[in-house]
Amino acid sequence: MSAEIIDGKKLSAQVREQLKRDAAALKSKGVEPGLATILVGDDPASRVYVSSKIKACAEIGIRSFHFPLPANSTEEEIIACISRCNSDTRIHGILLQLPLPAGLSSDRCLEAINPAKDVDGLHPYNIGRMASAKSWKDMLDQKLLLPCTPHGVIMMLERMNIPISGKNAVVVGRSNLGGKPVAIMLLANNATVTIAHSKTRDLAGLCRTADILVGVIGKSRFITREFVKPGAAVIDVGINRTPEGICGDVDFDGVKEVAGFITPVPGGVGATTITMLMQNTILAASHE
3 MSAEIIDGKK LSAQVREQLK RDAAALKSKG VEPGLATILV GDDPASRVYV
53 SSKIKACAEI GIRSFHFPLP ANSTEEEIIA CISRCNSDTR IHGILLQLPL
103 PAGLSSDRCL EAINPAKDVD GLHPYNIGRM ASAKSWKDML DQKLLLPCTP
153 HGVIMMLERM NIPISGKNAV VVGRSNLGGK PVAIMLLANN ATVTIAHSKT
203 RDLAGLCRTA DILVGVIGKS RFITREFVKP GAAVIDVGIN RTPEGICGDV
253 DFDGVKEVAG FITPVPGGVG ATTITMLMQN TILAASHE
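Quick note: the sequence shown, position 267, residue 269 per this note's numbering, numbers continuous.
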């Protein structure tokens, strides 16, 4: 029997309906949420991502500010733009589109963002607050700005009523943008979490112990059915461009015959990332 497909677009649409109401409620109090997007250079994929974010702002009722910068911008020029956004009271969230052109330090530029406006949840201050939170309830009660893609993973599991507490979770990948934060969030939800990577011995055997298996390794169709425990929830965070088109880190066609739940690529986790960015922007605006 094939796995149940976790439809990221459908779940995102449900969340966005609530976000529209939240944005309208803030406006009734005199606060119009505002998001600044900063795009350095003219990378086609980044341009598409930023356009999608601007479109989502219009759909939900968030004011959008866009700052395109030339590819030959210096770090000082990017930081100066960020500084202006930090000072602008109309702007509640700042998104620096990554990756930056070669030779530029994304870490240095991200650290220039006011943590209260860091709606990507990537500032070291916000990562530290997330890591030090005692529980998922603690994260929510503190209204933390959480990294958007990992938060989207948790949202999907919750809305599909897939239990996390007490379950074994294996995260394949240890990046600062994906693997580490999603592991922290699963741990906060009381999962027993293992982070696996390229140096892990018997990777397939370890993955077969997982009730929840998250692929965020950046290798196309790397996770095959041999990695999957029958009935497991398989969450594919990967977005890989191949000659045949976009695919994830999971061999979807093979794994869906073993898993209990699975996210497609596209239409899975990626569909939730922008939605969680919008949620963070509204959350940042509500802090006023």
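The set of hints was computed from the structure by calculation and includes no laboratory data.
Misleading hints may appear alongside valid ones.
As the list claims (entries may be wrong) - With a cut-off of at most 30 Å between alpha-carbon atoms, the simulated DSS-like pairs for lysine-lysine come out as follows:
(1) Lys31 to Lys57
(2) Lys201 to Lys12
(3) Lys221 to Lys258
(4) Lys11 to Lys258
Results for each hint:
1. In summary, the hint linking Lys31 to Lys57 is supported, as the alpha carbons are separated by about 24 Å, within the 30 Å threshold.
2. Restraint check for Lys201 and Lys12: not satisfied, since their Cα atoms lie roughly 36 Å apart, outside the 30 Å limit.
3. For the hint linking Lys221 to Lys258, the alpha-carbon distance of about 18 Å falls within 30 Å, and the restraint holds.
4. Using a Cα cut-off of 30 Å, the hinted pair Lys11 and Lys258 holds, with the two alpha carbons roughly 19 Å apart.
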